[in-house]
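If you read the protein sequences in the order shown, they are chains A and B. Counting from 1, one number per residue, gives the positions in the first sequence under full-length UniProt numbering. Counting from 1, one number per residue, gives the positions in the second sequence under full-length UniProt numbering.
Note that these hints are calculated values from the structure, not bench results. Small disclaimer: the values here were computed from a predicted structure and weren't measured. Even for Gly, the Cβ is constructed at its ideal location relative to N, Cα and C. Any given hint might turn out to be false.
No more than 20 Å apart at the CA atoms, straight line, and that leaves these computed lysine to any residue pairs for SDA-like [as the list claims (entries may be wrong)]:
| id | chain 1 | residue 1 | chain 2 | residue 2 |
| --- | --- | --- | --- | --- |
| 1 | B | K34 | A | L159 |
| 2 | B | K34 | A | I157 |
| 3 | A | K154 | B | T92 |
| 4 | B | K40 | B | V53 |
| 5 | B | K13 | A | I157 |
For the chain A half of the interface with chain B, some residues (derived, Cβ under 10 Å), not all of them [stated by the list, open to error]:
| id | residue |
| --- | --- |
| 6 | I162 |
| 7 | G172 |
| 8 | L174 |
| 9 | E285 |
| 10 | L287 |
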Amino acid sequence: MATAESTALIDVGILFGAVALAGLVANRINQSVIPFYILIGMLLGDYVLGNIDFPALLGTDLVPHGAELALADTDFVHVSAEIGIVLLLFFLGLEFNLDRLIASKERIGKAGVADLAINFGVGLLLGYSLFGSFLAAFLTAGIVYISSSAIITKSLIDLGWIANDESDAMLGTLVFEDLFIAVYLAVATALVLGGGAVGEALGQIGVAVGFILVLLLLVYLGTEWFQRSLETDSHEFVVLRALGITVLIAGIALSIGVSEAVAAFFVGMAFSSTDHVHDLENLLEPLRDAFAAIFFFWIGLSTDPSLFLGVAGLIAVAAVATTPTKLISGYLGGRIYDLSERRSVRVGLGMTTRGEFSLIIASLALSGAGTALPEPIAEDVYAFAVGYVLVMSIVGTTLMQYSSAIESVVVPRLEAGIGSTSPSSDD
Amino acid sequence: MTVYESDLPGVGKKFEVELEDGERLVIVTHNTGKREVYLKANPDADGDKLFEVSDRLARKIGTILEGAYFQPVQAEAVETMLSEDTYLEWYTVSESAEIAGQTLEEADVRNRTGVSIVAIQRGDDLISPPTPETVLEVDDTLVVIGEREECAEFETLLGDEV
Numbered sequence: 001m002a003t004a005e006s007t008a009l010i011d012v013g014i015l016f017g018a019v020a021l022a023g024l025v026a027n028r029i030n031q032s033v034i035p036f037y038i039l040i041g042m043l044l045g046d047y048v049l050g051n052i053d054f055p056a057l058l059g060t061d062l063v064p065h066g067a068e069l070a071l072a073d074t075d076f077v078h079v080s081a082e083i084g085i086v087l088l089l090f091f092l093g094l095e096f097n098l099d100r101l102i103a104s105k106e107r108i109g110k111a112g113v114a115d116l117a118i119n120f121g122v123g124l125l126l127g128y129s130l131f132g133s134f135l136a137a138f139l140t141a142g143i144v145y146i147s148s149s150a151i152i153t154k155s156l157i158d159l160g161w162i163a164n165d166e167s168d169a170m171l172g173t174l175v176f177e178d179l180f181i182a183v184y185l186a187v188a189t190a191l192v193l194g195g196g197a198v199g200e201a202l203g204q205i206g207v208a209v210g211f212i213l214v215l216l217l218l219v220y221l222g223t224e225w226f227q228r229s230l231e232t233d234s235h236e237f238v239v240l241r242a243l244g245i246t247v248l249i250a251g252i253a254l255s256i257g258v259s260e261a262v263a264a265f266f267v268g269m270a271f272s273s274t275d276h277v278h279d280l281e282n283l284l285e286p287l288r289d290a291f292a293a294i295f296f297f298w299i300g301l302s303t304d305p306s307l308f309l310g311v312a313g314l315i316a317v318a319a320v321a322t323t324p325t326k327l328i329s330g331y332l333g334g335r336i337y338d339l340s341e342r343r344s345v346r347v348g349l350g351m352t353t354r355g356e357f358s359l360i361i362a363s364l365a366l367s368g369a370g371t372a373l374p375e376p377i378a379e380d381v382y383a384f385a386v387g388y389v390l391v392m393s394i395v396g397t398t399l400m401q402y403s404s405a406i407e408s409v410v411v412p413r414l415e416a417g418i419g420s421t422s423p424s425s426d427d
Numbered sequence: 001m002t003v004y005e006s007d008l009p010g011v012g013k014k015f016e017v018e019l020e021d022g023e024r025l026v027i028v029t030h031n032t033g034k035r036e037v038y039l040k041a042n043p044d045a046d047g048d049k050l051f052e053v054s055d056r057l058a059r060k061i062g063t064i065l066e067g068a069y070f071q072p073v074q075a076e077a078v079e080t081m082l083s084e085d086t087y088l089e090w091y092t093v094s095e096s097a098e099i100a101g102q103t104l105e106e107a108d109v110r111n112r113t114g115v116s117i118v119a120i121q122r123g124d125d126l127i128s129p130p131t132p133e134t135v136l137e138v139d140d141t142l143v144v145i146g147e148r149e150e151c152a153e154f155e156t157l158l159g160d161e162v
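Isolated chain A, as found in the complex (with noise of 0.2 Å):
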């Protein structure tokens, strides 16, 4: 008979081949590998292969029940995606320019703005006449506010947008978003892990700002310390250096209540004033996609897709709110950056997707669930977010791949109402 070892070693075996498949399948559709690592994910769990009876289905005792082959949510995946987590954070913290921002303060801060007072507002309102919950509406809000800056990163490249201006306008509204996401996880887990009492609630933010300044200390005062780490020639040495300056710091936040997630994004933002940036996004980055599909695996088999029946309604209506909401801010944040009319409908329809930092969050209610959110409430969070990203990370790409279509049917339309008030100068 097998061992406990040997089937672990399958089970881990099994995720990275269902994975791998999973994105062979998206890339030869032309679709991100979020929704799919997602999916298989789901389909490989406790909720859909654990519950079908195949000696039943076949009539046969031969077969193994399908709880037998589901795989769990084992100590290593869950792990694994949090490791997942805080590399997915520390490479928008090392990536993250703050003299980028700085230089074009204006334009990013107004698109941003825009971007977050439409999204956000927007989402609030959505969530909290869904769940009828202020934390539950404040994640709703993060939920629909964050595009995903993984999938409009790849589909820019992958649609050749990434030479066009408009690149700039998103690429720019994604770099405010980061900073946001930074301080709104902060807050998020204190809420959340504070177990959503206003006073503990209180304690736990004063605890994670004052981590945050500690670390915004050792960002401004440390780069020395940072550059120094990872003097080495060898490149084992500088991976398992970061590795264990960042899931280290990563780990003692979460122990003492502050999101892991902000800490690695500060530990990155230390690490991008050193000389060391490039040899580190070349040396994490299969790391960080390799750990980045387990989460998203993990968050598949975390997820009871029975619940979307529950909560599809509630999809629907966010889907539905919040890709206009998106396309108009987006537009607007094209039209901050001077851009033509054309190239202002694709930036909103780039920026409809979401992803990877909607997900974070969603884990993050997951892991309120009976304390600072009642569990029904909880669930219906966390399978609403899996539910809205499966749907709006496809309706982005796909928006993104027609929009020459899109472009020729609205852009007439917009020209024609810009031009009876200005000349439009556009091509």
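Chain A is already provided as a structure; the job is to place chain B on it using the hints.
The following block gives chain B in isolation, referenced to the frame of chain A:
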């Protein structure tokens, strides 16, 4: 020529080079080292992807463009510009040349064409400056100085079939 440089967070860097006729060459350098090269018909147009190459190949192509392996030189440099419109040229006197066998005074080159003959290379000898009595012989190499049209005028005196 202007080169625009911008950061692409999470991707790399973008360079836009102004070409002639308003075209723009866009080079996207990925953090992975990959280069993508696009051409825009004008600053507002969409970029058409021309090609993408690996870091190694990109460096090779860059070195070739830079001229490290082959520097084209002007073929058979027979003229040198002294200024915007003044040329220093040299011609060989052929048998069919109208002025072959004449002295400089007889040929009256300066008045007829405007160019000055500043030196004559005859075999291993250099006659510089030539005198009015110097006879122009077949196979002499004449070094002349003058404007573009004057040089062209002089070429007709030589009767060369170009």
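Hint check results:
no.	hint	verdict
1	K34(B) <-> L159(A)	holds (16 Å)
2	K34(B) <-> I157(A)	holds (12 Å)
3	K154(A) <-> T92(B)	violated (66 Å)
4	K40(B) <-> V53(B)	holds (19 Å)
5	K13(B) <-> I157(A)	holds (12 Å)
6	I162	holds (6 Å)
7	G172	holds (9 Å)
8	L174	holds (7 Å)
9	E285	holds (8 Å)
10	L287	violated (14 Å)
In the structure shown, a violation is registered for the earlier hints numbered 3 and 10, in ascending order.
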